[in-house]
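So the chains spell out like this:
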Amino acid sequence: MPQHLQNPDFDSNRIQKSAADLAAEAKLDAYLDTICANVPREVPATAVQEMRQEMYGHLVAALSAHCELGKSEEETVSHILTQFGRPEIVARQWKQEWEETLAQKTNAPFRLSIRPALGVWATAYIVLLGIGGLLKSSPAMPDILRTQWTLLGVFGIPLLSGAAVGLLARQRPTVSNLVAAISVFPVYLLIIAFQLNAISPGGWKSALWFAINPFVLWLPLSSVATALTAHIRKLSQRRLAVR
Amino acid sequence: MADDNELLKGNTQTLALAVLKDGPRHGYAIAREIEHRSANALQFKEGTLYPTLHALERNGFIVGVWNQENGKHARKVYTITMDGLAEFNRRTQTWNAFARAVTSVILGTQQGDSDAATPTKPGFRLQPHPEISR
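Those protein sequences? They're chains A and B, same order as listed.
Letter by letter, the first sequence follows residues 1 to 243 of the working numbering.
Letter by letter, the second sequence follows residues 1 to 134 of the working numbering.
Check the hints yourself; a few may be wrong.
Partial chain A-side listing against chain B, Cβ under 7 Å, derived [to be verified]:
| no. | residue |
| --- | --- |
| 1 | His79 |
| 2 | Glu99 |
| 3 | Ser236 |
The calculated EDC-like cross-link candidates involving lysine to aspartate or glutamate, where the alpha carbons are at most 20 Å apart (straight line), are [said to hold, decoys possible]:
| no. | chain 1 | residue 1 | chain 2 | residue 2 |
| --- | --- | --- | --- | --- |
| 4 | B | Lys45 | A | Glu88 |
| 5 | B | Lys76 | A | Glu50 |
| 6 | A | Lys95 | B | Asp22 |
| 7 | B | Lys76 | A | Glu97 |
| 8 | B | Lys45 | A | Asp29 |
These aren't lab readings, by the way, just hints derived from the structure by calculation.
Note that beta-carbon positions come from the ideal geometry of N, C-alpha and C, so glycine has one too.
Turn these sequences into a full structure, and let the hints guide you.
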């Protein structure tokens, strides 16, 4: 058992660490780094430090116990890390635990989810703007191609956006999706104002259809996609956690 | 038993409370005690114990205090609270009722009968249900 691992106060500068000691320390550090990297940003650094220190203490105690049995250090480090669990699984469980901890405090979970949802919907509206621009700048575009682009805007974007929110928003994904979609709606109105002539030369009747479209079609469509992907994500997480 | 992760995962909190009921311990000692009491039958990935302890602490069932002994690593020692004891008793009752019910189903008896034919009694042998063996 290396001295610097047994005692955290040990002055490592006084002796030259052996290559085996350094290798063991590097392995433990890399392992714990993987776990701590997944902790939500809202968790205070001191709390992350404590969790790391606690797990480090466990690994060192296990290392010490195994080395007393006369096993080689390299073999022991690999063994105790296997016994501790795959880092991504431990990290996932910590992440879930921290998210639940944050969920008990004020509106932290909603804040955690609304950010990615707003990002997704902002991107979606920018893509829509791009599609509108494409249609406007290509008056000679064949009707079939124009229809395909329009269908992508009307059905593809809400479905993809909803699915992305379901994957990214960890807490209350469906509510986050609805709030984000409605929040960015003014941008959509701007798109209509600028692109109406190109997208729908049919006049105000078409304009009305484009205006109410998000409420009668996009919101339920994206909500279903969000709920579905969030459910699939939870199922896959559960399967990974028990592997 | 090592493959029965799903069962184990759902009961890690109960196992930790059961160990802490008998005195304060740090995470490593809790893992060793579970292993010892189960005669190595319950082997779980020890890293998953720490989020579990964190959850128990968050819910007020245990309290963790950092303890620094001379020349050793600082360790977080956990102690069960009164709420934790009450929670442990509640979980124990739930577990017993569940285990009795499952045993009854497996043996094909009613719950009252299964107490007399519990598999832990000496000389007991699991017999196929007459209806099934026919």
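Here is how each hint holds up against the structure:
no.: 1; hint: His79; result: violated (12 Å)
no.: 2; hint: Glu99; result: violated (11 Å)
no.: 3; hint: Ser236; result: violated (15 Å)
no.: 4; hint: Lys45/B <-> Glu88/A; result: holds (12 Å)
no.: 5; hint: Lys76/B <-> Glu50/A; result: holds (9 Å)
no.: 6; hint: Lys95/A <-> Asp22/B; result: violated (30 Å)
no.: 7; hint: Lys76/B <-> Glu97/A; result: holds (18 Å)
no.: 8; hint: Lys45/B <-> Asp29/A; result: holds (18 Å)
This entry does not satisfy hints 1, 2, 3, 6, going by the numbered hints stated previously.
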